Amino acid sequence: MKRLFLFVPLLAFVAVVILFNQNMDNDPSKLELARKDQPVPTFKLGELYNPGRELTPADLKGEPMLLNVWATWCPSCRVEHPYLLKLAKEYNVPIIGLNYKDDRDAAKKWLETLQDPYRFVIFDQEGRLGLDLGVYGAPETYVIDAAGVIRYRHVGVVNEKVWRETLAPMLRNLKMANANAVEEPGS
Amino acid sequence: MIAELGHFALILSFCFAILLAFVPITGAWIGDRLWMRLSRPLAGAQFLMAIVAFAALTASFLRDDFSVRYVAGHSNSLLPWYYKFSAVWGGHEGSLLLWALILTGWTAAVAKFSKQLPLEMVARVLGVMGMISIGFMLFILMTSNPFLRYLPNSPQDGADLNPLLQDFGLIVHPPMLYMGYVGFSVAFAFAVAALMGGRLDAAWARWSRPWTTVAWAFLTLGIALGSWWAYYELGWGGWWFWDPVENASFMPWLAGTALIHSLAATEKRGVFKSWTVLLAIFAFSLSLLGTFLVRSGILTSVHAFAADPERGRFVLMMLGVVIGGSLLLYALRAPVVKSRIGFSETSREVFLLVNNIILVVAMLTVLIGTLAPLVAEWMDKEISVGAPYFNLMFSLLVPLLVIVMGVGMYSHWKDTKAAQLLGPVPMFLVISAVTSVVIPWMYGEIHLMAVIGVFIAVWLFAATLRDAWLKSASSQGRMRGWLRTSRSYKGMVLGHLGLAVTIVGATMVSQYTVERDVRLAPGQSVELSGFTFRFDEETQRRGPNFIGDRATVSILDSDGDVLHVLHPEKRRYQVSGNIMTEAGIDPGLFRDLYVSLGESLEDESWTMRVQYKPFVRWLWLGGVFMAWGGFLAVADRRYRIKLKRKLSTAEAMDSSDAQAQPRGDADALGGRQA
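Protein chains in written order, with my numbering: chain A, 1 to 187; chain B, 1001 to 1674.
Don't read these hints as lab results, they were simulated from the structure.
Given the structure is predicted, the values throughout are model-derived calculations rather than measurements.
Glycine included, every Cβ here is placed at the ideal spot set by N, Cα and C.
Mixed in with the good hints there might be a few duds.
Claimed, not checked - For lysine to aspartate or glutamate, the following EDC-like pairs were computed, each having C-alpha atoms within a straight-line distance of at most 20 Å:
| no. | chain 1 | residue 1 | chain 2 | residue 2 |
| --- | --- | --- | --- | --- |
| 1 | A | 101 | A | 126 |
| 2 | A | 109 | A | 47 |
| 3 | A | 86 | A | 132 |
| 4 | A | 86 | A | 165 |
| 5 | A | 101 | B | 1243 |
| 6 | A | 161 | B | 1157 |
| 7 | A | 86 | A | 116 |
| 8 | A | 108 | B | 1517 |
| 9 | A | 86 | B | 1549 |
| 10 | A | 175 | A | 63 |
| 11 | B | 1414 | B | 1602 |
| 12 | A | 86 | B | 1602 |
| 13 | A | 89 | B | 1602 |
| 14 | A | 86 | B | 1599 |
| 15 | A | 89 | B | 1599 |
| 16 | A | 108 | B | 1599 |
| 17 | A | 109 | B | 1527 |
| 18 | A | 44 | A | 132 |
| 19 | A | 61 | A | 132 |
| 20 | A | 109 | B | 1515 |
| 21 | A | 109 | B | 1517 |
| 22 | A | 108 | B | 1515 |
| 23 | A | 44 | A | 126 |
| 24 | A | 109 | B | 1599 |
| 25 | A | 109 | B | 1243 |
| 26 | A | 175 | A | 165 |
Said to hold, decoys possible - Example chain B residues on the side facing chain A (calculated, C-beta under 8 Å, incomplete):
| no. | residue |
| --- | --- |
| 27 | 1314 |
| 28 | 1324 |
| 29 | 1517 |
| 30 | 1598 |
| 31 | 1599 |
Unchecked claim - Residues of chain A placed beyond 10 Å of chain B at every Cβ, according to the derived structure:
| no. | residue |
| --- | --- |
| 32 | 59 |
| 33 | 62 |
| 34 | 93 |
| 35 | 146 |
| 36 | 166 |
| 37 | 172 |
| 38 | 179 |
With these hints in hand, go ahead and build the complete structure from the sequences.
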C-alpha cells in the first residue's frame, strides 16, 4: 500500500509532461489567437497622457497598424523599444501602444526617457483589454487591418528579423488590399 | 578543417558515451569486473574528446571562421578576443556544447575521485552519467550542431554577439550556472545507482554529499553573478525579476539546498533515505527542466534566445526518459520499510525535516508560478502570475525558514532538551526586535517589510554567531578553539551568515531605494539622499565595435567635495544596431550610487535616472559567502584522500551491510574534529 505513494511524483511528472506537450504545438511566437480575423474587442479606455481622451475600437481603424502591448515592468519591452522607435521614425509605421497593467507615471517617464514610438497609447491599468485580447505576456504585437480586424499576433520581442520576415510583408499586403478596397467603389 | 575535427571529436565523444552507458552497467549486472573496470577509462576518453570538440569551436571563433554558421551568427571580426572566446557559449548550440563539456568533466572527476567506492557503484554511477551524456550529445548532433558550415557562399563577416552578452559578468555566468546544474547530475547518478543496486544506505549519502555541496556552491555563484549582471547591465537597477529563466535556476537551487541538508541527516543517522533520493532526483530534474524551459521557447522571456519547438520536443522526450525513468525506478525500488532509527520531536532530524518541507514548498511555489501561464492557457483562461505572487509567498516562507533555523541550530541528533533549544531565544528576540526597529528608523520610514527582514536577518546572525562562540570555546583560547573546529562546521557557519547577509541586502534595497528621473543640462545637478549628482559633460567615444555617448557625472557630498566621478554610457553597436546602456555605479558596502543615461534632448541635456541603493552589494556578497561555505565544507578533512583510503577498506568489508554506520569522525553539523 505504501509503495503506491511512491508513484505520486511519477504521476505528477507525467501530468507536467502532458501539459508541456499540449503547449508545444503552439509555436510561442505564433500563439494561437482566439480572436484571429475578428474585430478588436470593444473597450473604452483613457489615453496615457490624456486620461480625458476616450479611446474605443474606432480609433484602431483607418489604416493597417501595429498594436504593441508593453509595460515598464517588462524587461523584454526595453529590449524591443529601440527597434519600435526605428520603425516609427524611419519607416513611419503606425504603432499604437497598449500600456498593460502598469503605472501611469512610470509609463510616462519611460516614454520620456526612451522616446515615444507610439501614435497614442491606450492605458489599460486593469488589464481588461489585455484579457479580452488574450494577452499572454508583454511584449506582444498585433497586426490590425484598416477595418479594425486582428490579423496576426506576435509574442515576444519585435526585431529586424520579425519585422522583415513577418510583419512588414503582412502590413504591405493589408495596405494594398485596403487601397484596392477604397478604389473599388469608384472604378 | 578545424570545425570538422571538432564535429568528429564530438561524434567520438558520443560513441564513448554509448559504451560508458551500457558496458559498465551490464558488467555490474552480470558481475563482470573487467566490464565494470572499463567505466573509468571510458569516462576519461569521453571527456578528452569533448575537450577537443570544444577547443575546435573556440579556435573557429578566435580565427574568425565565418564559414561556420554558428560563428557567423555570434561573432564579428571587430569583437575583442575575449568576447570571441565567451561568444562560444553566447548562443544555443555553443552553450549546449559547454553543457556537454561540463557533464563529461564531472563524469571524469567522479571517475578520478572515486577510488574508495566499490567497483559496482562506480560502474553504475558512471553508466548513469553516460546515459545523460548520450541524450545531450544526441541533442547537439541532431538538432543543434555548432559545427555546420555555410558553403560555398560563406559570409565575409559575422552578425556580432548580442551586446547584452558582451560583458564580463556574462563570460562567467553561464559556466558557473552550468557547473551547478550539471553538478547535480552526480547526485542524481548516485541516487539512481543506489536504487539500481538496492543499496540505499548511509554510505551512499556520504559519497554523494561532497559532490552535491560543490554543485550547489557553483549554482549559488552562478545565480549571484546573473543577478549582479542584470543589475549593472540592464540599466534600471533591478536585481531579480522572477523571470521564467531566473526561476529555472532558482528551483534547482532550492531543491539542492534541501538536498544538502537531508543528506546530512541520511549520512549521520540513516533516516529519510527515500526522501533524500527523491530530492536528488528533483534537483537534477529541475536543472533539466530549466534547460527545457529556456530551449523550447515554451515560456517567453528575455533569455529565450533559442526558441524552437523542434528542439523543445527533443528535450521534452529526454526529460520524459531521464526524469520519468528515474521516478519509475524510485517508485519501484525506494525502501518503504519504516526506519527503526528513532528520534524525538525536538531532535535535529525533525528540524532538518522542517527545513526540507519549507524549502520544497518554496520550490513548488516557484514551479507553480512559472507553469501557471501554461496551465491557464490550457484551460483557456487568462491569469497572470507576477512578482507580487512570488514576493508575497517568499515574504511568508523565508521568515518561517529563518526562525526555525535559528532554533534548530542548537538541536542535537536524536533528542534535545527543550531548555537547551529555547534558552537563547529571549536574547535573540530582544536583539532582533531592537535592531529591526532601529535600522529602519535610521533610514527614515519604518516599513513592515523592512522590520521583518531585518528581524530575521539579525536573528540568524545572532544564532549563528552564538553557536560559533560556544563551539570555539577552548582552554587554549578562543582563536585556537575556532581554528580547531572542522572545515565543514566553518562552511556551515559561513553559509548561514551568507543567507543572513543576502536577506539584509534584499530587504534594504527593496525598501529604501531612492530613485529620480531627471533632465539635466551640462553643469546642472540634482540632489538625492544627501548626495549631489552634477552632470559635467558629455563626450563621444569609439569602442572596438561600438560608438558611445559617455557622460561625466560627479558626485559631491554635502560639503561640496567630489567623492567620485561616474561615466554612464550609451552605446550603439555598429553591426547589429543595438543600443545598450552602461550604468555608472559608485559601489559601496552600505550603498551604491547608480546613474543611467536615458535620451539626449535637443539642447545638449540628457534624461537620467539616478538611484541610491542601500546595501545592494550584500545581496551578492551573501551569495559569495554561501558558495565559499560550500567549498570550505568540501575541503573538510574527512573528504581528503588519505582518510578515504581507510574508509574504502572498511567499506569493502561491510559493503553488503545496508545499515547506517555510526561514525566517529568529524560531524559537519555538530562540532569539533575528532
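Verification of the supplied hints:
no. : hint            : result
1   : A/101 / A/126   : holds, 6 Å
2   : A/109 / A/47    : holds, 15 Å
3   : A/86 / A/132    : violated, 29 Å
4   : A/86 / A/165    : holds, 16 Å
5   : A/101 / B/1243  : holds, 17 Å
6   : A/161 / B/1157  : holds, 18 Å
7   : A/86 / A/116    : holds, 11 Å
8   : A/108 / B/1517  : holds, 11 Å
9   : A/86 / B/1549   : holds, 19 Å
10  : A/175 / A/63    : holds, 7 Å
11  : B/1414 / B/1602 : violated, 74 Å
12  : A/86 / B/1602   : holds, 18 Å
13  : A/89 / B/1602   : holds, 16 Å
14  : A/86 / B/1599   : holds, 14 Å
15  : A/89 / B/1599   : holds, 15 Å
16  : A/108 / B/1599  : holds, 14 Å
17  : A/109 / B/1527  : holds, 19 Å
18  : A/44 / A/132    : holds, 12 Å
19  : A/61 / A/132    : holds, 18 Å
20  : A/109 / B/1515  : holds, 12 Å
21  : A/109 / B/1517  : holds, 7 Å
22  : A/108 / B/1515  : holds, 16 Å
23  : A/44 / A/126    : holds, 12 Å
24  : A/109 / B/1599  : holds, 11 Å
25  : A/109 / B/1243  : violated, 23 Å
26  : A/175 / A/165   : holds, 16 Å
27  : 1314            : violated, 11 Å
28  : 1324            : holds, 6 Å
29  : 1517            : holds, 5 Å
30  : 1598            : holds, 4 Å
31  : 1599            : holds, 5 Å
32  : 59              : holds, 23 Å
33  : 62              : holds, 29 Å
34  : 93              : holds, 16 Å
35  : 146             : holds, 28 Å
36  : 166             : holds, 14 Å
37  : 172             : holds, 22 Å
38  : 179             : holds, 31 Å
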